[in-house]
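Heads up: the protein sequence lines correspond to chains A and B, in order.
Counting in numbering that gives the first Met the number 0, the first sequence runs from 0 upward without gaps.
Counting in numbering that gives the first Met the number 0, the second sequence runs from 0 upward without gaps.
Just so you know, these hints were derived from the structure itself, not from any lab.
From a predicted model like this one, the values you see are computed outputs, not experimental measurements.
Beta carbons are placed, not taken as given, at the ideal position from N, Cα and C, and that holds for glycine.
Some hints could be false.
Derived CB-CB ranges, DEER-like [what the hints assert, rightly or not]:
| id | chain 1 | residue 1 | chain 2 | residue 2 | range |
| --- | --- | --- | --- | --- | --- |
| 1 | A | K80 | B | Y1 | 44 to 50 Å |
| 2 | A | G128 | B | S32 | 32 to 38 Å |
| 3 | A | D181 | B | R87 | 28 to 34 Å |
| 4 | B | D10 | A | E15 | 33 to 39 Å |
| 5 | B | Y1 | A | L98 | 20 to 26 Å |
| 6 | A | L98 | B | L30 | 31 to 37 Å |
| 7 | B | K35 | A | S152 | 45 to 51 Å |
If we take Cβ atoms under 10 Å as the criterion, some of the chain B residues that face chain A in the derived model are [as the list claims (entries may be wrong)]:
| id | residue |
| --- | --- |
| 8 | L45 |
| 9 | E97 |
| 10 | Y153 |
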Amino acid sequence: MRVVRLRLHAFRNHEESVIGIGDGPVVVCGPNGAGKTGVLEAIHLLATGRSFRTSDADVLVSTGAVRGVVEADVEVAGGRKVRVGAAVGAADAGRRWMLNGTPRPRHRDVAVLRSVVFAPDDLRLAKGGPSERRDYLDEVLVSVAPRASAIISDYQRVLKQRNVLLRSIRGARGQAVPPALDTWTQMVADKGADLVVERSKVLARLAPHVSEAVAVLAGEDASTDYTPAWSPPGDEAVTDLSETDSVRSALATALDARRRDEIDRGTTLVGPHRDDIALGFGGRDVRTHASQGEQRVVSLALRLAHLAVLEDTTDDAPVLLLDDVFSELDPQRRGRLLDRLPRDAQTILTTTASADEAGVPPEIRAALTASGLGGTGGAQLVRVVDGKVLGDAV
Amino acid sequence: MYEGPVQDLIDELARLPGIGPKSAQRLAFFLLSAEKTDVLRLADALVQVKEKVGFCSRCHNVAAGELCRICQNPRRDPKVICVVEEPRDVIAVERTQEFTGLYHVLGGALSPLDGITPERLHLAELLDRVRAAAVTEVILCVNPTVDGEATAAYLARELAPLEGVSVSRIASGLPVGGDLEYADEITLGRALAGRHAV
Ligand SMILES: [Zn+2]
Numbered sequence: 000m001r002v003v004r005l006r007l008h009a010f011r012n013h014e015e016s017v018i019g020i021g022d023g024p025v026v027v028c029g030p031n032g033a034g035k036t037g038v039l040e041a042i043h044l045l046a047t048g049r050s051f052r053t054s055d056a057d058v059l060v061s062t063g064a065v066r067g068v069v070e071a072d073v074e075v076a077g078g079r080k081v082r083v084g085a086a087v088g089a090a091d092a093g094r095r096w097m098l099n100g101t102p103r104p105r106h107r108d109v110a111v112l113r114s115v116v117f118a119p120d121d122l123r124l125a126k127g128g129p130s131e132r133r134d135y136l137d138e139v140l141v142s143v144a145p146r147a148s149a150i151i152s153d154y155q156r157v158l159k160q161r162n163v164l165l166r167s168i169r170g171a172r173g174q175a176v177p178p179a180l181d182t183w184t185q186m187v188a189d190k191g192a193d194l195v196v197e198r199s200k201v202l203a204r205l206a207p208h209v210s211e212a213v214a215v216l217a218g219e220d221a222s223t224d225y226t227p228a229w230s231p232p233g234d235e236a237v238t239d240l241s242e243t244d245s246v247r248s249a250l251a252t253a254l255d256a257r258r259r260d261e262i263d264r265g266t267t268l269v270g271p272h273r274d275d276i277a278l279g280f281g282g283r284d285v286r287t288h289a290s291q292g293e294q295r296v297v298s299l300a301l302r303l304a305h306l307a308v309l310e311d312t313t314d315d316a317p318v319l320l321l322d323d324v325f326s327e328l329d330p331q332r333r334g335r336l337l338d339r340l341p342r343d344a345q346t347i348l349t350t351t352a353s354a355d356e357a358g359v360p361p362e363i364r365a366a367l368t369a370s371g372l373g374g375t376g377g378a379q380l381v382r383v384v385d386g387k388v389l390g391d392a393v
Numbered sequence: 000m001y002e003g004p005v006q007d008l009i010d011e012l013a014r015l016p017g018i019g020p021k022s023a024q025r026l027a028f029f030l031l032s033a034e035k036t037d038v039l040r041l042a043d044a045l046v047q048v049k050e051k052v053g054f055c056s057r058c059h060n061v062a063a064g065e066l067c068r069i070c071q072n073p074r075r076d077p078k079v080i081c082v083v084e085e086p087r088d089v090i091a092v093e094r095t096q097e098f099t100g101l102y103h104v105l106g107g108a109l110s111p112l113d114g115i116t117p118e119r120l121h122l123a124e125l126l127d128r129v130r131a132a133a134v135t136e137v138i139l140c141v142n143p144t145v146d147g148e149a150t151a152a153y154l155a156r157e158l159a160p161l162e163g164v165s166v167s168r169i170a171s172g173l174p175v176g177g178d179l180e181y182a183d184e185i186t187l188g189r190a191l192a193g194r195h196a197v
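Kindly generate the complete structure, drawing on both the sequences and the hints.
Right under this line is the structure:
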């Protein structure tokens, strides 16, 4: 699939930017803070329903504006053209979606675009807390199976409901625990089991690709294991996470054992909202026992694995968004990364490297030429200065 | 802000579900410019609905008298009860023409976030009905949302100890996260036919 036209209105520092996109790779170039990443962020927001930079809808809207709008014309397999749009900001209670000009209630109703973004901040996948890895896994899950977004939102709803109930029970200390708690506990086990199973299945698909990418980029072994933060008391840890019934009963037992604690603390302590992926590099724990360089390799490998799983799922290659990744890598790894990227995917990259006479920064041009990346046409340079797009093809 | 009565009308209209301040303003000015007889007819309909229509004392569906039309119908099978969240869901199930039993309207679904505890719903009344009458089957026809599912799970637990009563839930096939109100008759009819025990 390809984005052939992109419009940003009152989005980040773009007052009104329209970019027509040709067949080749797109190099978005400009100084720091010019609004380059906003271009990638807009595409990724339309693809995934959320920004890869913030969870706060307000910061997406230009200062002084009430509502930001992003809109992409997407050409999907078979040549069909679809227009997807999003309005963000307080006026729209977060965000609102459009498909071919018709408002739709949920992102999954407009989930036409697929994209994978590589960003300097990806380091947090290896270095950050468990929530970074859960979010990564959920993003992969939804991109390969849009229906899974219902599983995720159902679980979040159940969790919220049960936590409100637990807080009210804590507030009414001494009174009998209402029977509705058992129901909401059962719901956490039900919906939680669905989520654990989907996550562990998608992780099993990612794992071989992560290992392969780490082997190519750094010549090391890698491991990825779904790690529940809960376990039934006394029992061994749950081993088969792909079997809904056994996960559900394990969750139910674990919830039962922590019930008293949960009431005392007024919150749900057991469930997939606390799970993690254990990442290994050369037999060491990536988060605690790997260098920053090794962590960067693993983060890249996670993104490459997402790409591989997406390619495995659909014939319509996702849009590749490379946010200033070249500056973080030495030339050798840069070359290996470019080698791993699919040739048929539309590629949009940002760089702060200064452009030469012909427009495209020389090192990027050399890399693009060597890799044959991002389609058939020549590279297109899009210069961004102060939230304004000055574009021309090269 | 407008003149007293106009602003009052806008404020009242804006309290209706799905009506924002802008729509309320538009409706208010429509009413202001409409024929007096049309507006009085609307006002009369509002008064009538509150004075003449209440809720069925047996199933909590809307009713013009003590009992709703369905509860009054002798041809309906009193041994089968279909449990729904709202009166509008009764209409949705009736449209399928697949169901010949009676209803029980809960008046919502469990939701701690909205302060909806079991006591706030007509759950105890349902248990009384099932115990008192010779009910053999209870069909839980709640919305396929998290809150609806929790309500069904809660009810299934409460109904389990009662002897001789089979409890089932309508089969999925309904859009996930959807509302019964918006399901088409065929989908809902099939879901009803394919219900399973819980
Ligand atoms: Zn009735």
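Against the structure, the hints come out as follows:
1. A:K80 with B:Y1: 44 to 50 Å: Taking Cβ atoms as reference, K80 of chain A and Y1 of chain B lie about 46 Å apart, which means the hint holds.
2. A:G128 with B:S32: 32 to 38 Å: violated (60 Å)
3. A:D181 with B:R87: 28 to 34 Å: Between D181 of chain A and R87 of chain B, where Cβ atoms are some 29 Å apart, the hint holds.
4. B:D10 with A:E15: 33 to 39 Å: holds (37 Å)
5. B:Y1 with A:L98: 20 to 26 Å: Violated, at about 38 Å.
6. A:L98 with B:L30: 31 to 37 Å: holds (35 Å)
7. B:K35 with A:S152: 45 to 51 Å: holds (49 Å)
8. L45: At 30 Å from the nearest chain A Cβ, L45 of chain B fails the 10 Å test, so the hint is violated.
9. E97: Violated: closest Cβ of chain A sits about 26 Å from E97 of chain B, beyond 10 Å.
10. Y153: Since chain A brings a Cβ to about 4 Å from Y153 of chain B, closer than 10 Å, the hint holds.
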